[in-house]
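Undergrad: One-letter residues, chain by chain:
Number of protein chains: 4
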Amino acid sequence: MLVVMNASADEAQIANVVKSIEAKGFEARVSKGELKIVISAIGSKLTDKRDFELLPGVTEVIQLTTNYKLTTRAFKSEDTIVEVNGVKFGGKHAGLIAGPCAVESYEQVDETVKELLKYNVKVIRGGAFKPRTSPYAFQGIGEEGLKILRSVADNYGLAVATEIIDISQIDMFMKYVDIFQVGARNMQNFNLLKELGTIHKPVILKRGLSSTYEEWLQSAEYIMAGGNGQIILCERGIRTFETYTRNTLDLAAIPVIKKLSHLPVIVDPSHGTGLRDKVEPMSRAAIAAGCDGLIIEVHYNPDCALCDGAQSLYPEQYGQLYQEIKQIAPIVGKEII
Amino acid sequence: MLVVMNASADEAQIANVVKSIEAKGFEARVSKGELKIVISAIGSKLTDKRDFELLPGVTEVIQLTTNYKLTTRAFKSEDTIVEVNGVKFGGKHAGLIAGPCAVESYEQVDETVKELLKYNVKVIRGGAFKPRTSPYAFQGIGEEGLKILRSVADNYGLAVATEIIDISQIDMFMKYVDIFQVGARNMQNFNLLKELGTIHKPVILKRGLSSTYEEWLQSAEYIMAGGNGQIILCERGIRTFETYTRNTLDLAAIPVIKKLSHLPVIVDPSHGTGLRDKVEPMSRAAIAAGCDGLIIEVHYNPDCALCDGAQSLYPEQYGQLYQEIKQIAPIVGKEII
Amino acid sequence: MLVVMNASADEAQIANVVKSIEAKGFEARVSKGELKIVISAIGSKLTDKRDFELLPGVTEVIQLTTNYKLTTRAFKSEDTIVEVNGVKFGGKHAGLIAGPCAVESYEQVDETVKELLKYNVKVIRGGAFKPRTSPYAFQGIGEEGLKILRSVADNYGLAVATEIIDISQIDMFMKYVDIFQVGARNMQNFNLLKELGTIHKPVILKRGLSSTYEEWLQSAEYIMAGGNGQIILCERGIRTFETYTRNTLDLAAIPVIKKLSHLPVIVDPSHGTGLRDKVEPMSRAAIAAGCDGLIIEVHYNPDCALCDGAQSLYPEQYGQLYQEIKQIAPIVGKEII
Amino acid sequence: MLVVMNASADEAQIANVVKSIEAKGFEARVSKGELKIVISAIGSKLTDKRDFELLPGVTEVIQLTTNYKLTTRAFKSEDTIVEVNGVKFGGKHAGLIAGPCAVESYEQVDETVKELLKYNVKVIRGGAFKPRTSPYAFQGIGEEGLKILRSVADNYGLAVATEIIDISQIDMFMKYVDIFQVGARNMQNFNLLKELGTIHKPVILKRGLSSTYEEWLQSAEYIMAGGNGQIILCERGIRTFETYTRNTLDLAAIPVIKKLSHLPVIVDPSHGTGLRDKVEPMSRAAIAAGCDGLIIEVHYNPDCALCDGAQSLYPEQYGQLYQEIKQIAPIVGKEII
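As given, the protein sequences belong to chains A, B, C and D, one line each in that order.
Okay, so the first sequence: first residue is 105 according to my numbering, each after it adds one.
Okay, so the second sequence: first residue is 105 according to my numbering, each after it adds one.
Okay, so the third sequence: first residue is 105 according to my numbering, each after it adds one.
Okay, so the fourth sequence: first residue is 105 according to my numbering, each after it adds one.
Since the hints were made in silico from the structure, they are not lab data.
There's no promise every hint is true.
Said to hold, decoys possible - The calculated DSSO-like cross-link candidates involving lysine-lysine, where the alpha carbons are at most 30 Å apart (straight line), are: (1) B:Lys430 x B:Lys222; (2) B:Lys180 x D:Lys136; (3) C:Lys153 x C:Lys180; (4) A:Lys180 x A:Lys222; (5) D:Lys305 x C:Lys298; (6) C:Lys363 x C:Lys196; (7) D:Lys123 x A:Lys438; (8) D:Lys218 x C:Lys153; (9) B:Lys305 x A:Lys298; (10) C:Lys305 x C:Lys251; (11) A:Lys251 x B:Lys298; (12) C:Lys136 x C:Lys226; (13) D:Lys218 x D:Lys430; (14) A:Lys192 x A:Lys173; (15) A:Lys218 x A:Lys438; (16) D:Lys363 x B:Lys128; (17) C:Lys153 x A:Lys180; (18) C:Lys222 x B:Lys438; (19) D:Lys136 x B:Lys173; (20) A:Lys128 x C:Lys136; (21) A:Lys136 x C:Lys128; (22) B:Lys180 x D:Lys123; (23) A:Lys196 x A:Lys305; (24) D:Lys153 x D:Lys180.
Please model the complete structure; the sequences and the hints are all you need to start from.
TA: Here is the structure:
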């Protein structure tokens, strides 16, 4: 931590800062410049920089110790690759996950999956428990939905990714699910994250609507600190003043996170834009930016979907997109199977 | 719902929209103007407006049915007043809650409360379970903290408000706590909200960092739909591009919410600004804007606080503030006891 | 400037950073800690910190020199008080400015002003040149509007504040106007600011819709660097994700700016909320937060206003508000005449 | 315009709304539904919807008339293609503009351009007048810079794009410049836009930092209403809570604007990210999303650049990027020369 003071600070003020730094268990080193005095607090403890900002004469306090460690490139320089059912996320691989927004019925999942099989999909998605803004909106069909996903997946040799919304569901999910998905609203549900740190299955951690890159990595740190390193980060749009699209998909997150962390980063263009005709261009853009995969909503009959039909692709649109991104991927050094 | 089309839309496009509206169970009425054709979908069902936005010729779709009902002024025109230990929130009353950010020890709570008693505090606050961005930060002392709060409160005849962070804690909290607080990060933890709808104690529902007024009211609707109408909304700052303050305290929320809803609205200037010397002016401003109460962090020794000391008031600062807001309240038709 | 490196940085990397710092004309001092190496660049030059962020081994670069000087408390510790026609902004004084959004006609200004005289208004406002989002919206009546403002003001012994939108208008404005107002959209029209630095009349500088406190002060610095120290900063709301109100009025700006700078800060609750019934509570809140004045839209007949009638107060509402804020001001150590 | 009232509104309230609508020159048509009453205001006048929002019984007012016309697809369905020096922006073409952030000297421009010629650059960029946040930062070398750009461009048969920051510069710019660039800070400098509507040269209109898509199109409307249809829209990042990157590049703007408007949309990844190593991935992403061109900062020696060197590419990086986007473009139906 660095405590910056005006050059005009007097000796009593400097001594007071030094005392406060030492009281928190750090060693203090004073360095005087032309315009500023910088006092370094040497040590590795966590502290609240605002405690020092309020001291007389202090103009700024700068925290140097990041609050995430295991998720950083400094901790592990090579890319983490998460593999599920032969699909790889990370390194030179971009993995694909597709399926309906919500599980509605066996037939709906089966019909949709039959279409997706034409395009080599190996991991399917679908929500059984839906966190909805309104208490009067469709909330998902629950455990029945998990059973349907598992059953269809087993029929065709596929893996299942689905969203968990409460810590009490972990045991149930272990029976049916291959990849646990933590939604944007739960990105800072720390108790849930801690528990997911103890399981041995991959976790997709979506970015919160108003979460910074650093907060996102700190949430991943909760999982990793528990021993589970199979984490896939998922950019799905942030909230801004622009309301034309459902969210603002922040594709710069891809190169930024891949520089800071060894974890794979995928993109959800369906929630990121909220409109079907924006899903294709943003999927291509995400691949061109170097992401490690996509999770895309596809429905065999979007016009009748119970949830988010408007952002779900028709199967043939997915097929067209699949052809396009397979061509773009090698240009940026990636492979899509 | 209103589906707006360009005046240039042809009959086939109009017929298609009408068919789609009817397929969702609405009655359709077409009204043609100079520049626009407006098709009203009559009925009270919930639907996803984006399903219609993608139809050819459609320029805009407008949802008229609000997704919250019980929380609106239309449902209940008179102010809801929540009363706890003689302190009233709502109507002509502004209630005060004060105490440390986190419970650290019996002595810390006791010392702080002894100071607060000088200023007529009847409801104390303090966190036993702390949701922290970093897994390496102080996470609270757990149930022990609830016991301390209860014990100190009972000694002095006070009520206790504290934050619940997981659905599994409800039974435990029922033993110790008078007001359940739902933090900003849990504003859309819908399972938790549903459960809190079944208890018979007041709930403070903080606004999420990036939540709109409407989403906030919909979350309150989850609680109220379960049968619990004792809800206190709490503005605590939203996330914006400005980073000098911890959050941007949105005081316009007070008159806006009080027009839309009958529920009381209080303000948390401590989290809303994150810095002690901004808590006083923003508390006064909140009262002048007509809020129904304040929840303020006070610590008998903020310099040694384990959590958020920088935003905690010294007891005598609280006393000064108490005098000021007691004078401002009657000017805006409010009473502070 | 401080360049922070990982403790794992090797000697070649450190030497490279030192060389780069020296190449930009600074002196470099290396300080090694447990987790980080901090290299201070001593000197007062401005530089682009990103030039150092990209060097191998560097994790962060921190700029210490603020880019504004004359506007800081460090440069001038006592409050600047701007006085116009006996009305003071700053120090222990909160000044009031009121009038219609746009000048429509002599009669409209005269009728409105006659109402305002009942409440001791000494400075009137009104736009003659209106920056409008749409080219098809009412753009103001131009110089004719300035003449009307001057004429009415002279009749009653008042001062005039109005918005300038282009550098070419300065000479014309000098003939009619007592306070130049720079709108939010022009906060970074640097050529205009430079010119306003050379005049001898007060300037109201509104905060840009997405401007940080620091950018705002830097814009004021442009004016002050030219020799004109009569600057009144005006908070008028920022753009956020919340769209219910026209803007999000950021009242924390008041205590923040008053700590950083000696310049007075006033508030425009009319643009800050965009709705008449929110203007009163937010005006009271602004005064309670310690602002140095208000600029409020009032129209003798808002229902027929050509521009922003919906956010204009009726004269009697202004009268009511005037009584309330006169009572609140002394509680926070301020005087309103 | 549609005025929505609660079904519980009484006849007097309805009559009052009808009267108000008619007073503004519209025809009113009342349509009663189960939950809401919708009153359509038929007519093509512009009005302020807030005037109706405040009437008793009204819950919402919806404006249907867009404030931009000439820039819409409804006005002109085929793509506008802007061509400069053989480079096309729009339709099946993606055009490229490259050059240094600021003009520093003849040698600097010449050296940089010589490098760019290797990659078929036909339009160069470079700032002579720089709008800078701080009055103490480098402000550009002025007209001398324009002369340098013109001279180097003529030597090699190139076209010049550069930023105009004040209306008084138009005549001077006409002598030297092929494409006028309006920066983000001037997107709502309406007097400047009006004047640019009267010239016969293309204008690049950058999106403001906090401007919605609709405001951006309305600013383009100012230019087009004056008779100049050669407009190139440029997405360059918006301001959000995320501060790691300089701005948040909103690539969804590409498909959104291309649906709403016939005007070409290009992307500035240099300002959009602010860091060199993010420029490449975001450039590829922009092309993959279907943009009509890129404007990229390249400097022959970025380490010594006077302005924004950190976001400028090395020439060989540009060459590498050029190869990549030439491969991506045809996959999305675009051609890069």
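Undergrad: Next, verify each hint and record whether it holds.
TA: For each hint, the structure was consulted:
1. B:Lys430 x B:Lys222: Holds, at about 15 Å.
2. B:Lys180 x D:Lys136: The given pair, whose Cα atoms are some 23 Å apart, holds under the 30 Å limit.
3. C:Lys153 x C:Lys180: holds (28 Å)
4. A:Lys180 x A:Lys222: Status violated; Cα separation ~37 Å.
5. D:Lys305 x C:Lys298: holds (29 Å)
6. C:Lys363 x C:Lys196: holds (15 Å)
7. D:Lys123 x A:Lys438: With Cα atoms ~65 Å apart, Lys123 of chain D and Lys438 of chain A exceed 30 Å; violated.
8. D:Lys218 x C:Lys153: Distance of about 28 Å is within 30 Å: holds.
9. B:Lys305 x A:Lys298: holds (29 Å)
10. C:Lys305 x C:Lys251: Holds: Lys305 of chain C and Lys251 of chain C sit about 18 Å apart, inside 30 Å.
11. A:Lys251 x B:Lys298: Roughly 25 Å separates the two Cα atoms, so the pair holds.
12. C:Lys136 x C:Lys226: Roughly 61 Å between the alpha carbons, so the hint for Lys136 of chain C and Lys226 of chain C is violated.
13. D:Lys218 x D:Lys430: holds (21 Å)
14. A:Lys192 x A:Lys173: Answer holds: Lys192 of chain A to Lys173 of chain A is near 24 Å, not above 30 Å.
15. A:Lys218 x A:Lys438: holds (27 Å)
16. D:Lys363 x B:Lys128: holds (27 Å)
17. C:Lys153 x A:Lys180: Given pair Lys153 of chain C, Lys180 of chain A holds - Cα atoms ~27 Å apart, limit 30 Å.
18. C:Lys222 x B:Lys438: holds (28 Å)
19. D:Lys136 x B:Lys173: Answer holds: Lys136 of chain D to Lys173 of chain B is near 20 Å, not above 30 Å.
20. A:Lys128 x C:Lys136: At roughly 20 Å apart (the allowed maximum being 30 Å), Lys136 of chain C and Lys128 of chain A satisfy the hint.
21. A:Lys136 x C:Lys128: holds (20 Å)
22. B:Lys180 x D:Lys123: Status holds; Cα separation ~29 Å.
23. A:Lys196 x A:Lys305: holds (22 Å)
24. D:Lys153 x D:Lys180: Roughly 28 Å separates the two Cα atoms, so the pair holds.
In this structure, the hints that do not hold are numbers 4, 7 and 12, in rising order.
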